[in-house]
Amino acid sequence: MLINSSVLYTTRNWIRCNLLNTWNNAIITIFLITVLLLLLPKIYLWAVADAVLTLKVDPESWWGYTFVPDSDACRKASGACWDFITEKFSLIMFGLYPPDQHWRPLVMMISLIFLVVYSLDPSRWGRALGIIWIIAIPVMFFLMQGGVLGLTFVQTDSWGGAPITLILATVGIVLSFPIAIMLALGRQSNMTIVKTICIFFIEIVRGVPLITVLFMASLMIPLFLPEGININKLLRALIGFTLFSAAYVAEVIRGGLQALPKGQYEAADSMGLTYWQKTGLVILPQALKLVIPPTMNTFIGLFKDTTLIIIISMYDFLGTVRLGASDPTWRPYYVEGLIFAAIVYFTICYAMAAYSQHLEAKLNPERS
Amino acid sequence: MADIIYGFKHPTKFICMYNTKVQALLFQVIFLIITVGGAYFLYYNMQINLERQNIQTGFDYLSRESGFAIGESWIHYTPSSSYSQAILVGFINTAVVAVIGISLATGIGVFIGITALSSNWLVRRLTGVYINFLRNLPVLLQIILWYTIFTSPRFLPTVRDFSGEDGLEPFLGVIYITRQGIFIPFFETNTGWLGAIIGLVLGIITSLLAKAWSRRLMDTTGQQLPILWISVSIILTTSLSGWLIMGSPVVISYPEMGRFRLTGGATVTPEFMAVLFGLTIYTSAFIADIVRSGILSVPKGQIEAGRSLGLREETILTRIILPQALRIIIPPLTSQYLNLTKNSSLAVAVGYPDLVSISNTTLNQTGQAPEAITIMMIVYLSTSLGTALFMNWYNKQTQLMER
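First to last, the protein sequences are chains A and B.
Just so we're aligned, residue 842 is where the first sequence starts under the working numbering, counting upward by one.
Just so we're aligned, residue 191 is where the second sequence starts under the working numbering, counting upward by one.
Excised from the complex, chain B in its bound form:
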């Protein structure tokens, strides 16, 4: 193709062919025709094939009754709910595992990344083993391994083992660790939570304002306020008063052993734990390495300057090293967050009802593969794009401000 455009040896009539703009335009038109033509060819075949197999097209099926049950759901869902409701359940489950996974992986990763630079030889060795071992194991293998351990009769008892007079004693009297999941005491949902959440939001807004005010105070007078403690106490006070205003007592529901099953409390399923453990541990190894190399990238003179100013080691870490290291750390950290979110789709391998798992079920029931795959792709694409935009914004905030 290229020879046609660039390789005319004897120009006689088509002198304009030598104009690079014309060449580029011609090439692009051919490219576009091939791409669009190819896409249309595939689409046309798909239409014919779907018709031949008597498969419906369009997104009408979303409002029909789904007819399948879902193991865990954060919103009301029954088999008589619609397909769109089922997909929403899957999306929420994906979001829950991704958000918790990202928070935990960041916490563990930052901790390990900082300790990897310890002056203690043993600590350095152990963190090195953690990082190198866990990021060289496929995450799917890790998820399946955790799931197998959490559901294996060799390692954990079942719920029934706790029943009867000579049954097992729960951990601390209230926590049942079984291969059907972990049963823990939990607060009963009541209106107090709503008040607490409103209080929390108000508290965060107030503390952000307080932070802006304290920064202005520092810029003008040089006076420093312990803003972290102020923010924490503001948030705690507003949340607590929100809780008290709504006037709800704390009611804790305990899991109780019936004849065959446990009722009350909250359950953490082995599927959820396996996905969470796998994703968190795998990603934390990558984050640890990113944090470690980010900190190493801060010039040594900065640390020495901090020491010569007489700052404490903690202050040097939080006020000198981390703010500079963050600039290096954030871009690769963003892609790790996106990777974790995308890897949460591996939940389908252990049956955690995430977006992919539920879309797969709808796909098998209705046969409408193109629509189901389109929904999955759009959801992940918009999540990826949204995260990328947010992190770019955050990245700008932490960039070096040249004066």
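Okay, chain A solo, but in the shape it has when bound:
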């Protein structure tokens, strides 16, 4: 493709350069435009024109309307039935959590998101942030579970929907981070036994699918514990998920440890620093900064993997959509629910990917 600077930059020239520059390209362009013209109207008809989204004028509502889901209208229509989502919205968002207590997961989610956003800035990483997380996790847990300070007790089995996805993704990833650092350091150390054990753990976990790790967590942990000690299903899934993500994040961090110039290690040694001083003050701050972009990619992968807990019959966001579709009246409209879930997951993952690219550009300004 040649763009001559003397050619005026007009729409006509743009089309000529980018769509019709060779005979082959012209044919491909025409073919693709034909396919799009045939396909897009069909999608529009199904998703918008023939779709059902029943609204009623309601002066008391803040936006003047309320949703009145109507399954009969859906049955008659030939398009999508978005009423499934309005009908099951509270179930999809919060699972079987008691409806009058929905403010609790909402508060938990908002503060968790706030905490995550606050922690995203690497300059805030430090001991204080660690303490905030250590305090925040139990506080949020008791806010959700209740049984203290006059809050109604809600057992973890009836938690569901967006809070579960958010808890697994954030708490799992945050808890896995310190474990991952220890594993990466262990794998890089020259102590044979420590190294071997770390390699074994990392390679076994990375060699098996997440679902087997989750099976292991949900079925084996009860067997591993002495009689009388029980931990609930959510916590077991969280343990499995944390260990799984620790192995993956450890490999990313190892990349950073290897990429660091050897002189940094030698300089720290020649200063007479102990191993932990060297690691904490010289090596890790630099190595972790190097691996922020690949770590973000791992996090996106792990966020997508949180959906797997529906296989051990827990209800995350995808799970509650499935739960909603188990209602015989609304079962045919599971597809719409899944499309809704797809849009939500896509938005979050895409935002994370965009943030990661932004970080990469910020950290390596010379590369872009």
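If you are wondering where the hints come from, they were derived from the structure by calculation, not from laboratory data.
Do not take every clue at face value.
As the list claims (entries may be wrong) - Derived SDA-like pairs (lysine to any residue); straight-line CA-CA distance at most 20 Å:
hint	chain 1	residue 1	chain 2	residue 2
1	A	Lys917	B	Pro343
2	A	Lys1036	B	Phe221
3	A	Lys1036	B	Lys211
4	B	Lys211	A	Ala1003
5	B	Lys532	A	Glu1044
6	A	Lys1203	A	Leu961
7	A	Lys1074	A	Leu961
8	A	Lys1074	B	Asn554
Add chain B to chain A, keeping to what the hints say.
What follows is chain B alone, placed relative to chain A:
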């Protein structure tokens, strides 16, 4: 722990504690004791718990009768077959979906990755949307979405809709697309296939020899042979003659509509299709991105050098760009193949009888969770390890040869 080892402030007696080797050894011994002790503690608890719940241990159960039916199987299997037979069926199903998925995902991914670099703006946009949209959707969601579409009464008819006088007409007269699966005409299994397979293997070996010979020819005389076409014709000839020697006519079995169900032909179940579509499409988006960035990593001067030599664009792509791009592409491609294989375990969500799904059934029937999980993990671990070893070997083959 570390302070004990590294933080002695006043050395008096234990001067040897300052020896880094001694410190390291001590630390390792403590670490080992904690790990082994912890593992033994868990194992001990497990033994007691299993005994208390009256659950058997050991792998004896594998030879017992399984008692459950499996929807699709490539080997002979009935509910009276043993558990080990059932697990083998699951393993084969996993392998089938993984191998087909890997081939398709590679094909689609490479195609999309190359077209993503097209000079056509529209093509670039569409491939960009494909890549960015599909890899940001959880693969489990994609599998479930496909399964819901393939089994939904709103989108597909059932088998019964084809029966009777006023029933639906099958596609092209022979293909029945229903929500119980797709029914297609298929060759009947007979001895001709065996001959064809033997011929195929012989053909591949011969063409590999021919390739080595032609390379030597090129190194010594500089003469180039159209080795691709030679190989293809060798393989086709040997397969066909294998087929003819075994002397079997081509018998195609067509699906036929009975009163309630279709018989004959081959069936592709919605479970299999959903898993295959989900895995293939999801992985192809990643592969496309890997291929795209691999090609971009080839210096522009290489392409310009090719052009100035007067090579055709196709030759530049196949002989100059791809061989160099492959070196960048192969390591991440390997991990995508492994990911696809591991993600095939999500088949359990839609009921495709893969290894995890069947192990899960045996686990629920016998209660022998430790054994079932061990089998699953060992199978996946050895597959991962095997693939990694093979790809490392292949990686070495394509590495730059320094002269």
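Going through the earlier hints one by one, which of them does the structure break, listed in rising order?
4 and 7
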